[in-house]
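Engineer: So you can see what is in the structure, the chains are spelled out below.
There are 2 protein chains.
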Amino acid sequence: MLLGRVARMYYEHGLTHQEIADTLGVSRIRVTRLLAEARETGVVEIIVHVEESLFADDERDLAAAFGLRQVWISPSVADEQKAARAFASVGAEALAAKLEPDAVVALGLSTAVALVAEEFPDHPLAASFVPVAGSVSGLVNGANPHELALAFARRTNGRAFHLPAPLLAASPEAAAASLADPGVRGVLELAARADTLVAGIGGTARGQGLLLSSLGDAERERLLADGAVGDLAGRFFDADGDAVHGALDARVVGLGLDELRAIPNRLGIARGETKLAALRTALESGLVNLLVTDSDTAKALLAD
Amino acid sequence: MLLGRVARMYYEHGLTHQEIADTLGVSRIRVTRLLAEARETGVVEIIVHVEESLFADDERDLAAAFGLRQVWISPSVADEQKAARAFASVGAEALAAKLEPDAVVALGLSTAVALVAEEFPDHPLAASFVPVAGSVSGLVNGANPHELALAFARRTNGRAFHLPAPLLAASPEAAAASLADPGVRGVLELAARADTLVAGIGGTARGQGLLLSSLGDAERERLLADGAVGDLAGRFFDADGDAVHGALDARVVGLGLDELRAIPNRLGIARGETKLAALRTALESGLVNLLVTDSDTAKALLAD
DNA sequence: GGGGATCATGTACATTTGTTCACAACAATG
DNA sequence: CATTGTTGTGAACAAATGTACATGATCCCC
Numbered sequence: 002m003l004l005g006r007v008a009r010m011y012y013e014h015g016l017t018h019q020e021i022a023d024t025l026g027v028s029r030i031r032v033t034r035l036l037a038e039a040r041e042t043g044v045v046e047i048i049v050h051v052e053e054s055l056f057a058d059d060e061r062d063l064a065a066a067f068g069l070r071q072v073w074i075s076p077s078v079a080d081e082q083k084a085a086r087a088f089a090s091v092g093a094e095a096l097a098a099k100l101e102p103d104a105v106v107a108l109g110l111s112t113a114v115a116l117v118a119e120e121f122p123d124h125p126l127a128a129s130f131v132p133v134a135g136s137v138s139g140l141v142n143g144a145n146p147h148e149l150a151l152a153f154a155r156r157t158n159g160r161a162f163h164l165p166a167p168l169l170a171a172s173p174e175a176a177a178a179s180l181a182d183p184g185v186r187g188v189l190e191l192a193a194r195a196d197t198l199v200a201g202i203g204g205t206a207r208g209q210g211l212l213l214s215s216l217g218d219a220e221r222e223r224l225l226a227d228g229a230v231g232d233l234a235g236r237f238f239d240a241d242g243d244a245v246h247g248a249l250d251a252r253v254v255g256l257g258l259d260e261l262r263a264i265p266n267r268l269g270i271a272r273g274e275t276k277l278a279a280l281r282t283a284l285e286s287g288l289v290n291l292l293v294t295d296s297d298t299a300k301a302l303l304a305d
Numbered sequence: 002m003l004l005g006r007v008a009r010m011y012y013e014h015g016l017t018h019q020e021i022a023d024t025l026g027v028s029r030i031r032v033t034r035l036l037a038e039a040r041e042t043g044v045v046e047i048i049v050h051v052e053e054s055l056f057a058d059d060e061r062d063l064a065a066a067f068g069l070r071q072v073w074i075s076p077s078v079a080d081e082q083k084a085a086r087a088f089a090s091v092g093a094e095a096l097a098a099k100l101e102p103d104a105v106v107a108l109g110l111s112t113a114v115a116l117v118a119e120e121f122p123d124h125p126l127a128a129s130f131v132p133v134a135g136s137v138s139g140l141v142n143g144a145n146p147h148e149l150a151l152a153f154a155r156r157t158n159g160r161a162f163h164l165p166a167p168l169l170a171a172s173p174e175a176a177a178a179s180l181a182d183p184g185v186r187g188v189l190e191l192a193a194r195a196d197t198l199v200a201g202i203g204g205t206a207r208g209q210g211l212l213l214s215s216l217g218d219a220e221r222e223r224l225l226a227d228g229a230v231g232d233l234a235g236r237f238f239d240a241d242g243d244a245v246h247g248a249l250d251a252r253v254v255g256l257g258l259d260e261l262r263a264i265p266n267r268l269g270i271a272r273g274e275t276k277l278a279a280l281r282t283a284l285e286s287g288l289v290n291l292l293v294t295d296s297d298t299a300k301a302l303l304a305d
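Residue numbers (the working numbering), protein chains in the order written: chain A, 2 to 305; chain B, 2 to 305.
Derived by calculation from the structure, the hints in this document are not laboratory data. It is possible that some hints are incorrect.
Said to hold, decoys possible - Among the chain A residues that face chain B by a calculated CB cut under 8 Å, a handful are:
1. M2
2. M10
3. G15
4. L16
5. G43
6. V44
7. V51
8. L55
9. D59
10. S77
11. D80
12. A87
13. S90
14. R186
Said to hold, decoys possible - Away from chain A, derived, C-beta distances all over 12 Å, residues of chain B:
15. S28
16. T33
17. A64
18. A98
19. E119
20. P125
21. A181
22. E190
23. A193
24. R194
25. L302
26. A304
From the three backbone atoms N, C-alpha and C, an ideal C-beta is built for every residue, glycine too.
Using the sequences plus the hints, can you model the full thing?
Structural biologist: Written out as C-alpha cells, the structure is:
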C-alpha cells in the first residue's frame, strides 16, 4: 500500500514530497499525485472542528431580512472555477442537511444544481430524485435533469426518475400532449408531492440559463414585456413573484409555479450579479424558503 | 473565530492563503500562521486511514531476528531535525500503545526519551512516571529525568516522581549514602516495580550520551578496557549484555542492570550509526524486548 | 502487425507556501 | 522613566507544491 505509506509520511511525519520520494525510491511527482489521490479517495481525511459556519452573521441577517428558514453562503473568490466549486460544495452541504432518508427531492434543471450533484458526498440515504420539468434537446453536457437525478441517486444509493418529455415543446398543443402521457404525468405528480425542491433561479439577461438560451430574441422580448424578472425551475415570474402566463409558459412541460410553491422545502441555488433582481423577487415573494448563495451576492442582497 | 473561518476556507473550499487573505481583509502571512495554529491546536485534524504501519515488513523482520516482542520504525530523512521529530513521534506512539491506565513507567535518562516526551499526545491515562537514576548537574536543557517525568505526567494527567540524587556521585561512598536515603530508595523501589521501562541505549563513542560526556577520557578508556559496549539507562554492559562493574558503576545512583532487566516491558529507543554496536548487543542479550528505531538503523541491524 | 486511444511518467515551469529577518507596539521590570 | 523582553507584524526571500505539456508504454481493435 504505497498510497498509505506516502500519506502517513506526509501527514503524520511531515516529510516533504521530495524526502518521501527519496526514501521510497519513486519520483517526487508520483508522490504529489499519490497524495492527491489519497485526499480524493478518503484515505486522508481532514476535519475542521468548527461549529459555526463561514459567514454565520450574513446568513442570519439574510434569513431575517427575507423571512427565509435557512441560508448558506459560500466564499466568493476571483478564480471563477474555484468559486463555482466552493459554491457547489456549500450547496451540497445545504441539501444534505435538509435531506432525510427516503425523501423525495424535486430537481429543477440548472447548471448550479448540476454542480451540486458533482459535489454531493457519498451518503446512502435512499432518496428519490425527480425532475420537475423535461429535458433540453441536444448536448448540454451533464445539465439534463435525467443525468442530474442519476448523479444524485448514484451518490445516495437512491432512485432517479426520468421525465420523458422536452423542457420546451414546439407548441402549446404538443406540451399538452406530453402532459397527457401517463408516464409523464406520473412523474410530475410524484415531483409535486416532493419534500424538497432544489432549483436554480435564473435572470432575464440574454443567453442566461438553459431555457433562455434556447429562445430567440423575439421570444425573450415578449417575456420581458409580460413583466418577467426571472425563473424558477423553468417557470418565469414577475416582480410580484406571480407566474407569467404566456406563449412560452404554455409550451413548458413541467410543474407550474404554484405547484412548485406548494413543496415544503424550497432550496434556491443562485449567485452572481446577473441574478440579483430575480433572486430578490424570489426571496421577497417566498418562492423559495431556503437559500444557497455566495458572499458577494449575499452582501448585495443585504445592501438595501 | 477567525481561525475557524480560515481553516474551513482552506481545507474545505480549497482557497489559497492569498485568496483567503483578500476575502477576509488580513495579510497572507497572517493566514499562513493561523493555519499553522489551527493544525497545532487540533482545530484541524488530519486522519490517515491506514491500518498498516510504515515499515511493517522491516518491523516484523527485526522482531523475528532478535526475538523482540514488538518493533516500531520511523522514516530516516536527511534533514536531521525532521528525522528526530519523526523518530520521537513514533516513539510516542509506541509508548502510548504499551501504556495502560495507572501504569508505572520507569524512565531512563536520554535525549531520545526527552524528545518522545515532547511528542507525547495529550491522553489522560493517570500513569506514574519514575526516574530510574539521578539527575545530571548543570543545565542539560530538558533532559533531566525529573523534567522528563514532569513532561510525561503533564500530558497524561499522571504523576511525576523525583529522585533527589545525582546520576553520578563523586565517589562510591557518596553513591551509597544517596542510596541509603529513604526518599531515594523509595523512588527506586517504585521504579523497580514498574510495568514499563523507557530508556535510550547509548554507545561508547567519545562525548556520546549524557553520562559519557560528563566523564574524562581516562574514565572512558577504563570503561572500554573493562569491555563496555554501551549503556542502558546509565548502566554499561559488555558484549554479552552483562553489567560492567567498576569504579564508574559504583558511583551511579540508580537501578542496576539486573533490576532493569526485571521490568516486564523494556522499550529501547535508539537510532544512528554510533549506537549500532550497543544496540545489537542490547537486542541479542534481551536487555530490551521492545524497540523504537529509524529505518536506516533497522536496515543496518538486519544486514547480518 | 499497424494505427489509435488511453494511461502513466517525468521535465520544466508557475504558483503557492513557509521562513527568516527587521521593525514596531506593548507589557513587565528595574 | 528607561530598559528589557515578549509579541505580533509584513517584506523579501527560499522552499515546496502543483500543473501543462511532451514522451513513451500498453492495450485494444481492426
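Engineer: Are the hints correct? Go through all of them and say.
Structural biologist: Quick rundown of the hints versus the structure:
{"no.": "1", "hint": "M2", "result": "6 Å, holds"}
{"no.": "2", "hint": "M10", "result": "6 Å, holds"}
{"no.": "3", "hint": "G15", "result": "6 Å, holds"}
{"no.": "4", "hint": "L16", "result": "6 Å, holds"}
{"no.": "5", "hint": "G43", "result": "7 Å, holds"}
{"no.": "6", "hint": "V44", "result": "5 Å, holds"}
{"no.": "7", "hint": "V51", "result": "3 Å, holds"}
{"no.": "8", "hint": "L55", "result": "5 Å, holds"}
{"no.": "9", "hint": "D59", "result": "12 Å, violated"}
{"no.": "10", "hint": "S77", "result": "7 Å, holds"}
{"no.": "11", "hint": "D80", "result": "7 Å, holds"}
{"no.": "12", "hint": "A87", "result": "4 Å, holds"}
{"no.": "13", "hint": "S90", "result": "7 Å, holds"}
{"no.": "14", "hint": "R186", "result": "42 Å, violated"}
{"no.": "15", "hint": "S28", "result": "17 Å, holds"}
{"no.": "16", "hint": "T33", "result": "16 Å, holds"}
{"no.": "17", "hint": "A64", "result": "19 Å, holds"}
{"no.": "18", "hint": "A98", "result": "15 Å, holds"}
{"no.": "19", "hint": "E119", "result": "14 Å, holds"}
{"no.": "20", "hint": "P125", "result": "19 Å, holds"}
{"no.": "21", "hint": "A181", "result": "46 Å, holds"}
{"no.": "22", "hint": "E190", "result": "38 Å, holds"}
{"no.": "23", "hint": "A193", "result": "35 Å, holds"}
{"no.": "24", "hint": "R194", "result": "34 Å, holds"}
{"no.": "25", "hint": "L302", "result": "17 Å, holds"}
{"no.": "26", "hint": "A304", "result": "17 Å, holds"}
Of the numbered hints listed earlier, those contradicted by the structure are 9, 14.
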